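*Asks:* Take a look at the letters that make up each chain.
Protein chains: 2
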Amino acid sequence: MKVRRESRPVAGFRAVGIHAGIKRDAPDLAMIVSDEPASVAAVFTKSTVVGAPVEISRARAASGRARGIVVNSGISNVAMGARGIRDAKTMTRIAAREIDCDESEFLVASTGVIGEPLPMDVLTAGIPRAAAGLSVGGWDDAAEAIRTTDTHAKIASTRFKLAGRFSTIQGIAKGSGMIEPNMATMLSFLATDARVAPGVLRGMLRRVCDATYNRLSIDGEGSTSDTVILLANGAAGGAPVRAGSEEARLFEAALLGVCEDLVLQLARDGEGATKLLRVEVGGARTAAEADRAVRRIGNSLLVKTAVFGGDPNWGRIMQTLGAGQISWNPETTRVRVGGILVFSKGRSAGPAARKRAEKAHEADEITIRVDLGSGRHSARLFTCDLSYEYVKINAEYTT
Amino acid sequence: MKVRRESRPVAGFRAVGIHAGIKRDAPDLAMIVSDEPASVAAVFTKSTVVGAPVEISRARAASGRARGIVVNSGISNVAMGARGIRDAKTMTRIAAREIDCDESEFLVASTGVIGEPLPMDVLTAGIPRAAAGLSVGGWDDAAEAIRTTDTHAKIASTRFKLAGRFSTIQGIAKGSGMIEPNMATMLSFLATDARVAPGVLRGMLRRVCDATYNRLSIDGEGSTSDTVILLANGAAGGAPVRAGSEEARLFEAALLGVCEDLVLQLARDGEGATKLLRVEVGGARTAAEADRAVRRIGNSLLVKTAVFGGDPNWGRIMQTLGAGQISWNPETTRVRVGGILVFSKGRSAGPAARKRAEKAHEADEITIRVDLGSGRHSARLFTCDLSYEYVKINAEYTT
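As you go down the protein sequences, you meet chains X and W in turn.
Residue numbers for the first sequence follow our numbering, beginning at 299 and rising by one.
Residue numbers for the second sequence follow our numbering, beginning at 299 and rising by one.
It should be emphasised that the hints constitute simulated quantities derived from the structure, not laboratory data.
Predicted, not measured: the structure shown is a model, and the values here were computed from it.
One or more of the hints may lead you astray.
Unchecked claim - Distance ranges between label pairs, derived from CB positions:
#1 G673/W x N627/X: 55 to 61 Å
#2 P538/X x E694/W: 56 to 62 Å
#3 R381/X x T630/W: 14 to 20 Å
#4 G497/X x E694/W: 50 to 56 Å
#5 T665/W x T422/X: 41 to 47 Å
Cβ atoms here follow ideal geometry from the backbone N, Cα and C, with glycine treated the same way.
Let the hints inform the model, and build the full structure from the sequences given.
*Replies:* Shown next, in the form of structure tokens:
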């Protein structure tokens, strides 16, 4: 099934994005609402310190049912103690009142600067105004309103047949560095009109997150507020998708397609990125070793600056694996940059190969592939290069 | 005892640095020689992939006795297979012949670009020329000749009384990023005229390295060739320093002083650094947690760019600890930047404190101190900020 980078209506859902006034002049408040109670599954940051909205949303997602999500950008709601919890709850209470449901049916997320309280007067006035603007075509505005340092909004959708009926999965996402003051927590909200019970939905979202959002790294940092929420309201009609069925397989593949596309958009738009960098490691002895290897390569400043500089530098790849306590044998290891073999059988592939690998850096994405030749496990990571602009964004912003 | 950043003679040692011709026009070959066989202790990279010189030197240091060290910069000798081992041995054989000792008494190190073989014709001609120039005052030239991307040579020395006789400890060091093509393996060579048996020397060097070189991180990368070698020839006279004695305590303190000073010089001169950054964590529940916390903070791109930007950003510190799975309680944690308390009791210290902490960034070094308030373990790390220049150095160099 084809994933498109544009929005489409999702039956029984409305969305909105407005400028409430947290930011000076950019959209900063979004809502996504299902007309009927929907199944919900969610995945949150693994950070030991989490924002108040994560605490609230995590507890409420556990019920398996929800009506909507309210999100602000500009100021996160982290390290604010009891006040933070109160403010996050107030956001959901106002939103719930507007669409006539219980506040426990609303999830919430905030992204932006840490260390300032939310301007509750602005939100108290803004949320009813946002709710009044909810529409089936409001997804692009919602995607705009959750942005912080992202240079553009991210949206992806797919439409596919599930047991004879058309279903849609649509997602929006934001995040380009990791946290204040780049204000760049990763958030992604997904909606589908397919009918899936919460327990089934949860398993699918967990597996898809492991293969997509958890394979994304801009700068090796996680945020206190990373959040992925998926709502499934069943408005497309038909019987529920059963675990283990052909429909479940189809649905999960579609969900994977949407999430993977959003992750590619996020990596390509990483702070200061000039290129999407895919890192793939194969031939590892264990899955854990493959995972450590891709993270080591994808988070290495030296590898990321080499990619920025257009340099197919196998020496830096070798060195970061060695320093990361990943044992590899130069005799069996093969390194490809941009599809070109630059290291094999213990030595450099020579100047012609290097030239071609340098040339491959002219594209706006590039793949580093390392085959360790010592086992059959593999892993991948989506990241980007490290440019002057990353330093600028993160050094010049003053909180 | 006072550590000075200048060279002095060390009894019974001679040193030299020359331009052999590996680099176009900078010194690239150094030797350090003891007139008599000396005790030797050494510490090497923990990388799973090591350069040929590390293999040779590690095996020879195990004997506990050595006469000298021969070092080249410009090209490292890594990933060269059997040829690399042969070339490293040849370097020591030529050096040993010149000073009339056995090649097994020579240690060797190389630093520079990976992936090219050493130009053995240049070294075969250069080493005898270097040996002919050995002198008691040759230390500054040796420190120059081991440089790669360092902006200046690093030297530190101290002179102190040991059982009634003056002894000297002197060290040189290089390293400013981590590896090719920034060509920046960390190397440090130390010499003393004190008399210390190899077994005693080894224990001291191990402890001192743990407290100094192993507390240094420019960019979170280790090299395939990191090497610290200490020679002790006993030329100052007197009885050997015995383990556990007052002399041993004095000697180890002096060695610590010299190594710590070299590490501060290395951190301050990290690639692109505008500032030395000291990271201190106290109040951790375990030593391992304290260690993870300082490394997490000191290697965080977001923290390092904040320091470059003069921003006392406790939000980024909190976030990187959380993402690093270090549990900390905002209520008990205190964060000081440049000596100014910027976070305590769960909240920001306010605009006046922030102003003063911003001001503290005008100095050429700054300390981030985090007290976790949950235990009594502590750790420290020496690093630097992350500037445009780091990206430039590592992106623009073409191998």
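*Asks:* Hints first: check each against the structure and report whether it holds.
*Replies:* Hint check results:
| no. | hint | verdict |
| --- | --- | --- |
| 1 | G673/W x N627/X: 55 to 61 Å | violated (41 Å) |
| 2 | P538/X x E694/W: 56 to 62 Å | holds (57 Å) |
| 3 | R381/X x T630/W: 14 to 20 Å | holds (19 Å) |
| 4 | G497/X x E694/W: 50 to 56 Å | holds (54 Å) |
| 5 | T665/W x T422/X: 41 to 47 Å | holds (42 Å) |
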